[in-house]
Structure formats: structure tokens, C-alpha cells
Amino acid sequence: MALQIFLSIAAVCWLFFVYTGIGCLLSRLCNVTFSSRLLKLLIYTALGFCVIGNLIMLFCFLQCATQFWIISLLLFFTITGAPFYKQVISDCACLVNNGVSVGRKANRLSFLLLILLVAGYAVLGLLPPTDFDALMYHLSTVKLYLEHGGFWNIYYNASADYPMLTEMNFMIGLALENDIICKTQSFLLGVMTMALIAYLCTYLFNDKGLIIPSLLIFCTFTVIIANMSNCDVDIPQALWTIIALIVLEKYLDGHKITYLLLASIVTGMALQTKTFGALAIPVMFTRIFIQRGGPLVTVPRIKEAAIVVSIPLLMGLPWYIKSYINNQTIFSIKHATIIGQGLGDPMGVQCASQACYWFFNGIIRVFGAPWTFSVFPGQHQGDTFGPLFIAILPFLFLVKTPKNIKIVLIAMGLFFAQILFVEMWFIQGGSSIRYSMFIVICATPLIVWTVRSMKQYPAAQKIVWCMIICMICMGSVLFIKRYHKEWLAFLTLQTRDEYYSRILPEYAVIKTINRLPENTVVMPLYNYSDYLLERPYITAYRQYASAEEMKKDFRQKNIGYIFANDKLDTSKNRNAFPEFTEKEIVDSANGFYLFKLAETY
Amino acid sequence: MRNTKALLPIVVIHSCMVFIISVALFITKWFPYGSYTVRLREWLYRFF
Numbered sequence: 001m002a003l004q005i006f007l008s009i010a011a012v013c014w015l016f017f018v019y020t021g022i023g024c025l026l027s028r029l030c031n032v033t034f035s036s037r038l039l040k041l042l043i044y045t046a047l048g049f050c051v052i053g054n055l056i057m058l059f060c061f062l063q064c065a066t067q068f069w070i071i072s073l074l075l076f077f078t079i080t081g082a083p084f085y086k087q088v089i090s091d092c093a094c095l096v097n098n099g100v101s102v103g104r105k106a107n108r109l110s111f112l113l114l115i116l117l118v119a120g121y122a123v124l125g126l127l128p129p130t131d132f133d134a135l136m137y138h139l140s141t142v143k144l145y146l147e148h149g150g151f152w153n154i155y156y157n158a159s160a161d162y163p164m165l166t167e168m169n170f171m172i173g174l175a176l177e178n179d180i181i182c183k184t185q186s187f188l189l190g191v192m193t194m195a196l197i198a199y200l201c202t203y204l205f206n207d208k209g210l211i212i213p214s215l216l217i218f219c220t221f222t223v224i225i226a227n228m229s230n231c232d233v234d235i236p237q238a239l240w241t242i243i244a245l246i247v248l249e250k251y252l253d254g255h256k257i258t259y260l261l262l263a264s265i266v267t268g269m270a271l272q273t274k275t276f277g278a279l280a281i282p283v284m285f286t287r288i289f290i291q292r293g294g295p296l297v298t299v300p301r302i303k304e305a306a307i308v309v310s311i312p313l314l315m316g317l318p319w320y321i322k323s324y325i326n327n328q329t330i331f332s333i334k335h336a337t338i339i340g341q342g343l344g345d346p347m348g349v350q351c352a353s354q355a356c357y358w359f360f361n362g363i364i365r366v367f368g369a370p371w372t373f374s375v376f377p378g379q380h381q382g383d384t385f386g387p388l389f390i391a392i393l394p395f396l397f398l399v400k401t402p403k404n405i406k407i408v409l410i411a412m413g414l415f416f417a418q419i420l421f422v423e424m425w426f427i428q429g430g431s432s433i434r435y436s437m438f439i440v441i442c443a444t445p446l447i448v449w450t451v452r453s454m455k456q457y458p459a460a461q462k463i464v465w466c467m468i469i470c471m472i473c474m475g476s477v478l479f480i481k482r483y484h485k486e487w488l489a490f491l492t493l494q495t496r497d498e499y500y501s502r503i504l505p506e507y508a509v510i511k512t513i514n515r516l517p518e519n520t521v522v523m524p525l526y527n528y529s530d531y532l533l534e535r536p537y538i539t540a541y542r543q544y545a546s547a548e549e550m551k552k553d554f555r556q557k558n559i560g561y562i563f564a565n566d567k568l569d570t571s572k573n574r575n576a577f578p579e580f581t582e583k584e585i586v587d588s589a590n591g592f593y594l595f596k597l598a599e600t601y
Numbered sequence: 001m002r003n004t005k006a007l008l009p010i011v012v013i014h015s016c017m018v019f020i021i022s023v024a025l026f027i028t029k030w031f032p033y034g035s036y037t038v039r040l041r042e043w044l045y046r047f048f
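Those protein sequence lines, which keep their order, are chains A and B. Everything in the first sequence is counted per the working numbering, starting at 1 for the first residue and increasing by one. Everything in the second sequence is counted per the working numbering, starting at 1 for the first residue and increasing by one.
Among the hints, a few may not be true.
As the list claims (entries may be wrong) - A few chain A residues that don't get close to chain B, going by computed Cβ distances all over 10 Å:
#, residue
1, Trp14
2, Thr222
3, Gly254
4, Arg515
Unchecked claim - DSSO-like mimics (lysine-lysine), calculated; alpha carbons at most 30 Å apart, straight line:
#, chain 1, residue 1, chain 2, residue 2
5, A, Lys596, A, Lys583
6, A, Lys406, B, Lys5
7, B, Lys5, A, Lys400
8, B, Lys5, A, Lys455
9, B, Lys5, A, Lys462
10, A, Lys143, A, Lys572
11, A, Lys572, B, Lys5
12, A, Lys208, A, Lys403
13, B, Lys29, A, Lys481
14, A, Lys455, A, Lys481
15, A, Lys105, B, Lys5
16, A, Lys403, B, Lys5
17, A, Lys485, B, Lys29
18, A, Lys567, B, Lys29
19, A, Lys406, A, Lys303
Hints are computed from structural coordinates only; laboratory data are not their basis. Even for Gly, the Cβ is constructed at its ideal location relative to N, Cα and C.
Build the full structure now, drawing on both the sequences and the hints.
So this is what it looks like as C-alpha cells:
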């Protein structure tokens, strides 16, 4: 595994140069410049990520997404971007120097802790993918597309038709036959997000002293601990949304129309990354109209708004078409809605009447949201923002807030309102906190700025600093608790097999599946570990009216084995598919079972 | 000018309450060691 780790570092450095080279080239062609080196590099990388991701998507549509074409594409852009590498290197060196000088001025202990946290995330980014969603669809669908040479209807994976800009870039790692590259790419995106927070501290608040505390808070949020360095797409989606807003601000400061086009393209990236990325469009749209002098609605503003809406929608169109062809819906997956289905259980409350339903789904959900998102894990799939949002941001009422901070607050509020709207109509049990990653990232420097602005209330300021320190310490301890096995595996440099065996309880059974004859078709009960299966598989994908119908469908698909892989409740695995009475256990480990179906079922 | 003198104690008390509840939830969720912690967790999760 050591060689793969080393090669993944080299590959991601190469990709970084490819991305920035493309971005630099496009910026020169469009005559777009930025005074901040940090913002410039972030935008160059974003543009390169967008171009490469979209071209691989095009290859997938044209059924030519093969190792040969993907590597050829990268080599072509390596040569095209070559004239700009010197500038990129000098920009990076300058930024590293700036980072070191910020670190020297900061408290030594906090800087050391930050370095340790980043190193911890870096190690996670250098290990094979084991996270739930990556094995379930971020990597498993891309692996199937690459094997097939392009898009096809993976009807047995409900998540296969999500927008997949990030996953298209992950395909590079799989094409280079090293999936650690995908994890290292995710770490790169995490580092970009941290750089963006540092930029926000200087751009919005003009205070470099905010950087280290903000980054410490960011790195120790439970939602970040769970997602950074994993092959997840919530951080990139928020990253592109915030970059788009910053570029839009540059345009509104009096720059050329190309800045507006650039902002729209980056918004399109958010939309191509995740279905929730569409929430960026109303934020951008509103920004066009608010906080500017003169009449609210004018022809130029309508034109600007039309650009900001139409370009992202056009960029998302291929994914919508793909989803519509495969699922007959543009929303990537068929959601159960309250429309036409009677009353649901908003916020876990069983409602018998319409009045009760709208009281909880409307009034309590909206007015209680700041508290439910901060301290009610039961309402948001087991996670929360943590207490710092609701404990510290109310102090904003007590300090003077400048105009640019008000704009951030409006953007956060608008995004939050949309999340609540989505919850009301689609996810009545409560959305996952990672869908609100945009708010998490925007709020991080805002929290530290609020505390530093409370100079006229020294006692309250001390209390709030203590809360921040306490949360950072607890988050750090949680980080160690959650990932110590991974770090130990990295230090002892085990083989990939040993690593998976240590981390994934179902891996022993997966190894047995991968030793079955080549053409054996396996049916896993859930998509949970699809990525690791090396044999053809069809995950259980529908319900049947009768046992006979089920057996007929199994026979048609030539399914010979059942992999009982319920990770959330392993006690159910022993009795999986009771309809098949004649089945034998081939292997079992840690509550996971592999059954062989009788020849004539 | 905002009447900050009146707001300050309310905001501070609110922040402290939220923080204490969150810390209790955090510790009992991620570090559920000992019978008291487990019992506290069960009790807290009835409400949160």
C-alpha cells in the first residue's frame, strides 16, 4: 500500500497542476484577474476541476470513458497548461510563506493543534476509501461506468443518477487504478475549503487573527470530522457556492461581465456536484437585487439575474436529462412527498389533523430551526451544527455589523430557508446537517469575528471563548477516537486487505464473494459495500407481489448468491430472504452472511 | 441605539443553557462510558 500512497500524492500534485493550468489558461483568455493569490488559485483550481469533470462526463455520454481516453485527456491538458506552472508554483510558495507568518503570530499551542488536525485529515486522505457513501455510490457507480465505458442505467442503485461532477473527477483515480487518489482529491478539496475560510477572514473581516481559531473550529465540527477526506460531495458543493458568491461580489464591485459569467459557471458547478447545489441559484439571484442603490428592478439587473439562473441550469441539464431518462424525474431520485400521500410525521410527531400537521411542519419547524439544528440530533439524522452557532451568533445583535457581513448573513438565511422548505416538502423527518455545509463554512469565521467584536462585554466574551475552547478540545478528542484505527494502520503500513479487514466488519465475507467463479451473480441486500465487490452484482432493488414472482425475477437475472449485508442492523442478516427456504450459508463473519441459493429454486 | 444592556443577560443565559445541553449530548453520544452517562443519554434523547 505504501507505493499506492506515494503514487496518489504524486497523482494529486499532478492533477492540481492540470487544474490550475487549465484555470490559468481560461482566465487569460477571458481576461479575468484577481488581486488575491489565494482567491486566484482557488478559482483556477475550480475552473480546471469543472473542465476535466465535464469532459469526462461527455466521454461517459459518448460511451468512450476508458482508461486510454481519460489519461490522454490529462496528458493533453498537462501540456496545454505547462506555460503557467511556474506562476502557480510561485503563488503556492508565497501562500505557504503567508501561512507560516500567520501561524507564527498566532498562539503556538493552537497553531500546533491545527497542524496536527490537518495532518490527521491528510493521513485519512491517503488511505483506501471505506466511508459509507463512497462505497455505496460515490465510487461504486463510477467504477461501473468505467467498466462499461460510459453511462448506463444502474437501475439497482437509487443514487446512481445524482449529479456527479466530483465523481467524474474521482474517475481519474479509478482509471489510474489507484482509488487512494480519490481520497487524496477529497483532502485537496478540504484544504481548498480551509483556504477559502482563510480568505473569508481577510476579505470579509480584514483580520488575519481570525484565521487560526476559525480553522480550528472548522476542523473540529462533528460534520466536518465525519466528511472531510471522505469521498463525499457536500464540502465541494459548499465550496463552489461560496466561491461563486465571492466572484459575484467582484462583479458587483464594478468589474466586467466576464466576472458574472464566471460566477454563474461556478454556481453551475455547485449544481453539477449535488442536487442540493441548486439552492445556490436563489442565493445568487437574490444578491443581484439586494443591497444595491437605485431602483430594485431594472433591465440590466434582470439580464444579470437571467445569466445567473440560466448558465447553472444549462450546466445541470445533462444530469437532469440522464436522470429523466433513467428515473422519469429530474430530481435524481423519486422522493416521497406529502402531496397526494396523506399526512406525514413532521419532526417525528404523529399528527391526526391538518392543523397539527401544519403547526409542526410549518410553525415549529421554521421558528424552532435555529435550536433544532443546533441541539436536537434526533431531528437531523443524528447530527447537529453544535452549540457554537446558536450560542454565539445571537451576540451579533449586540455588536455593530458592517454591510459585507450583513450580505453573508442574508445569504446564510436564504440558504437556510430553502433547506427548511425542502424539509417541509421532501424530508419531513429532518435533513442531514451536511446538506447545510454552506452555512457551516460561512458561519465559522463569523463566530470568531463575533467573539472578537464583543470587546465592550469582557465578561461575556470570556465565557464565549471558554465555550469555543471547550468545543475545539472535545472535537479533537472525538477526532482521535473516531480515526485512531486508521492512523495506526497508516503507521504500520498494512496491506490493503489487512486494512479493510481491520476497518470493515463485512470485509471477510466480501473476500469470499470476490473468490467466487467469474460469472457468478450476487445480490447484496443493500448498496452499502457495492464498490468492493469484484463479481457481477444486482442489489435488491424492488418489492415483489409474491415469492414466486421474486424467484422468477432471480432466475431471469441468474442470481446465485445472496449477500446479507445490513450494516445498520446485523441481527436481520441471518434470516435474509426467508422466501428462499433452500439456501446454504457459504460464509459468515461479524453478523454478515453469504448464502448460496439452491440450483432449482 | 439598541438597548443592549437589557439583551446581554438574556443572550448570555441562553448561550450557557444551550452550551451545557450540547456538551451533555456530545459526551453521552460519543463517550457513553459508565452507567450514569448511559442513563443520562437515555434521558436526554427523550427530549432531544
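Hint by hint, here is what the structure shows:
no., hint, verdict
1, Trp14, "38 Å, holds"
2, Thr222, "8 Å, violated"
3, Gly254, "33 Å, holds"
4, Arg515, "37 Å, holds"
5, A:Lys596 - A:Lys583, "5 Å, holds"
6, A:Lys406 - B:Lys5, "23 Å, holds"
7, B:Lys5 - A:Lys400, "15 Å, holds"
8, B:Lys5 - A:Lys455, "14 Å, holds"
9, B:Lys5 - A:Lys462, "17 Å, holds"
10, A:Lys143 - A:Lys572, "29 Å, holds"
11, A:Lys572 - B:Lys5, "59 Å, violated"
12, A:Lys208 - A:Lys403, "19 Å, holds"
13, B:Lys29 - A:Lys481, "13 Å, holds"
14, A:Lys455 - A:Lys481, "36 Å, violated"
15, A:Lys105 - B:Lys5, "34 Å, violated"
16, A:Lys403 - B:Lys5, "24 Å, holds"
17, A:Lys485 - B:Lys29, "19 Å, holds"
18, A:Lys567 - B:Lys29, "19 Å, holds"
19, A:Lys406 - A:Lys303, "25 Å, holds"
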